[in-house]
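S.K.: One letter stands for each residue in the lines below.
4 protein chains.
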Amino acid sequence: MTSHQPIMTLEELRAFFDREFPQIHEGGRTYHIEAIGPLSATMRMDYHDRHLRPGGTISGPAMMGLADLALYAAILAQIGPVALTVTTNLNFNFMRKPDQRALIAECRLLKLGRRLAVGEVSIFSEGSSDIVCHATGTYSIPDRR
Amino acid sequence: MTSHQPIMTLEELRAFFDREFPQIHEGGRTYHIEAIGPLSATMRMDYHDRHLRPGGTISGPAMMGLADLALYAAILAQIGPVALTVTTNLNFNFMRKPDQRALIAECRLLKLGRRLAVGEVSIFSEGSSDIVCHATGTYSIPDRR
Amino acid sequence: MTSHQPIMTLEELRAFFDREFPQIHEGGRTYHIEAIGPLSATMRMDYHDRHLRPGGTISGPAMMGLADLALYAAILAQIGPVALTVTTNLNFNFMRKPDQRALIAECRLLKLGRRLAVGEVSIFSEGSSDIVCHATGTYSIPDRR
Amino acid sequence: MTSHQPIMTLEELRAFFDREFPQIHEGGRTYHIEAIGPLSATMRMDYHDRHLRPGGTISGPAMMGLADLALYAAILAQIGPVALTVTTNLNFNFMRKPDQRALIAECRLLKLGRRLAVGEVSIFSEGSSDIVCHATGTYSIPDRR
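Listed in order, the protein sequences are those of chains A, B, C and D.
Using the UniProt record's numbering, you'd call the opening residue of the first sequence number 1 and step up by one each time.
Using the UniProt record's numbering, you'd call the opening residue of the second sequence number 1 and step up by one each time.
Using the UniProt record's numbering, you'd call the opening residue of the third sequence number 1 and step up by one each time.
Using the UniProt record's numbering, you'd call the opening residue of the fourth sequence number 1 and step up by one each time.
In case anyone wonders, no lab produced these hints; they're calculated from the structure.
The hints are all genuine.
Which copy is meant is left open, so a pair is good if it fits within one copy or across any two.
Below 20 Å or equal to it, Euclidean Cα-Cα: the simulated DMTMM-like pairs (lysine to aspartate or glutamate) are:
id : residue 1 : residue 2
1  : Lys97     : Asp46
2  : Lys111    : Glu126
3  : Lys111    : Asp130
Please model the complete structure; the sequences and the hints are all you need to start from.
M.R.: Structure representation (structure tokens):
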């Protein structure tokens, strides 16, 4: 059985993300892949003006974007830079108002199949153990021949 | 039984959105509330550089943000400018690659309760009847005394 | 472009369901495929003791089972009796307490791809137009060579 | 801050379930609340004929019913026998075919608010650490005055 160690290094994955998702850094680099491991990834989103609503609360779409990126990072770390891997389903539960600080997204893959990958993401305010947002997502992996 | 006509006019709703979500217009006004009706709303998102991935495909998070805004518009049109209404759950199915043109989000409320509202959104590429993304969402309506 | 007419007749689909899901009729025949059409199906679940909680309310799992069957019916009517088609994702919003009468599930397919099918189901109490439960689901279609 | 210890004993919870959900034992007692803890519960569903499809595979609806019961058990263990607590949303990812043996559902509450509770459930075939089905659910807690 496979050990599920990533087949990309952190540097390779970050470089791939910079090429594939340059628009996430528009206005400043706020998304960071912090770590990857067996069937897992950790991503950070800085507390930055463009992710906020008036009053300073981090917006829902900013959190949804972070979750999607974290899942994508965890999957690609495992299968390599398969650029046509696409999100087919995402489900979000928003549970607590985030603090006015960075968000940390911890992603764990639940299944890595030949055609579909499924993972979950827990998003926390940096330094807190209370989940702000929890998501599960399914990604379709294209045929590779 | 109520007729479910909106209690806000389109202009009032647009003004409310400009005050509550000014960050969505950063880089240019690309989100437009096109229409509101009984338990429904239509929102448009222009095809704009900041919503795109390399190659010109509209990003998943751009579509998720559009769906969230459209649902919020439909709910607030019905209950008035209750600013503390928050998203508790969103579920997305991404089904087709969007065209390189504007997106139209058609939102229909399925339930408008005292504490929770539930709606669905179908997102189309402008001019097409094939659903690009379908979402359902639940929003928590705060106690109003 | 295909007309999306079902490729199975109602009788063929009912016979297939009787072979594939005999356990749903345990205790009495309460599930009925009422109609099939282009990318659609209607299923009925009788108001029967084994679907109820004390006090006579139809249980959540009974509704979830109905939604899954209705989606499966709509998909198989389109693609034929492909028995290894399996549910990969289901999302339910429970919105109103059902009446103490039969349930009608109206299913509409949103996407019918080569590998994945996505549909939505609206469940009503017979005779009512208020949605009791709304669901979306994704099904994986096996390779057929 | 609360320690989140359950406020019901395992025996009290089992007795409550027997009163509230007698229909789950129709045909034989196959659902068992195995354990409860802080914001958690474990439930077992025996491998029994009425949960199966031809060929002996456990049905999707049987797993969905198990997840719903496990979440309900975890919530009620924390808040007491509040019978009008109802499911508002459930999202399921079916990831592996279950073995032909009992299922174990491990439930963890992610949020326990005044009005809403959110939890996740991981379902395993007994003796295996591969997740068969993962679910998240939201429950509405009625006002208690």
